[in-house]
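> Residues in the sequence shown are numbered from 274 upward in steps of one, following the working numbering.
Some hints here could point you the wrong way.
[Claimed, not checked] DEER-style ranges, computed between Cβ atoms:
#, residue 1, residue 2, range
1, Ile290, Val312, 32 to 40 Å
2, Glu358, Arg313, 27 to 35 Å
3, Arg289, Arg313, 38 to 46 Å
4, Ala334, Leu298, 27 to 35 Å
5, Thr351, Val312, 15 to 23 Å
6, Ala311, Arg289, 45 to 53 Å
7, Leu317, Ala353, 31 to 39 Å
8, Leu315, Arg283, 51 to 59 Å
9, Val308, Arg283, 45 to 53 Å
10, Arg289, Pro314, 40 to 48 Å
11, Phe301, Ser340, 27 to 35 Å
12, Ile290, Val352, 14 to 22 Å
13, Ala332, Leu298, 29 to 37 Å
Simulated from the structure, these hints should not be mistaken for laboratory data.
The C-beta atom is built at its ideal place from N, Cα and C for all residues, glycine as well.
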Amino acid sequence: MSSPDEDEEREPPQGRISLTGPGPLVGFGVLGLVVGWAVRPLCLRFGYAVAQLGVGDPAAATRLWRSVVAALGAGAVTVAALLLERACRVPDDHE
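Kindly produce the complete structure, drawing on both the sequences and the hints.
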């Protein structure tokens with residue numbers, strides 16, 4: 274069993290939170306492109322918004338704009354998450 278003096282001498286553990294580096298972001302971006310191109314034939318087969326580009330379907334423009342709005346929303350959420358991650362950084366205490 275440890276004595277009270279030993280407990281006082283121990284320093285608390287130093288936790289570190291770091292920002293997401295560019296490597297994982299680029300990696301997941303490339304992964305998204307690969308998965309997107311892998312799913313594209315399925316989209317072409319079943320007629321989703323991607324398949325309707327360049328086709329004279331009246332609903333194609335609506336689907337395209339909805340897809341663009343969804344992509345912009347996803348980008349905004351990603352930026353907000355990165356800003357929140359940065360705001361939650363614990364300052365270094367160099368005393």
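> All hints, please: hold or fail.
These are the hints, each one checked on the structure:
1. Ile290 / Val312: 32 to 40 Å: holds (34 Å)
2. Glu358 / Arg313: 27 to 35 Å: holds (31 Å)
3. Arg289 / Arg313: 38 to 46 Å: holds (40 Å)
4. Ala334 / Leu298: 27 to 35 Å: holds (32 Å)
5. Thr351 / Val312: 15 to 23 Å: holds (20 Å)
6. Ala311 / Arg289: 45 to 53 Å: violated (36 Å)
7. Leu317 / Ala353: 31 to 39 Å: Holds: the Cβ-Cβ distance is about 33 Å, inside 31 to 39 Å.
8. Leu315 / Arg283: 51 to 59 Å: With Cβ atoms ~57 Å apart, the hint holds.
9. Val308 / Arg283: 45 to 53 Å: At 47 Å between Cβs, range holds.
10. Arg289 / Pro314: 40 to 48 Å: holds (44 Å)
11. Phe301 / Ser340: 27 to 35 Å: violated (20 Å)
12. Ile290 / Val352: 14 to 22 Å: Check passed, 19 Å falls within 14 to 22 Å.
13. Ala332 / Leu298: 29 to 37 Å: holds (34 Å)
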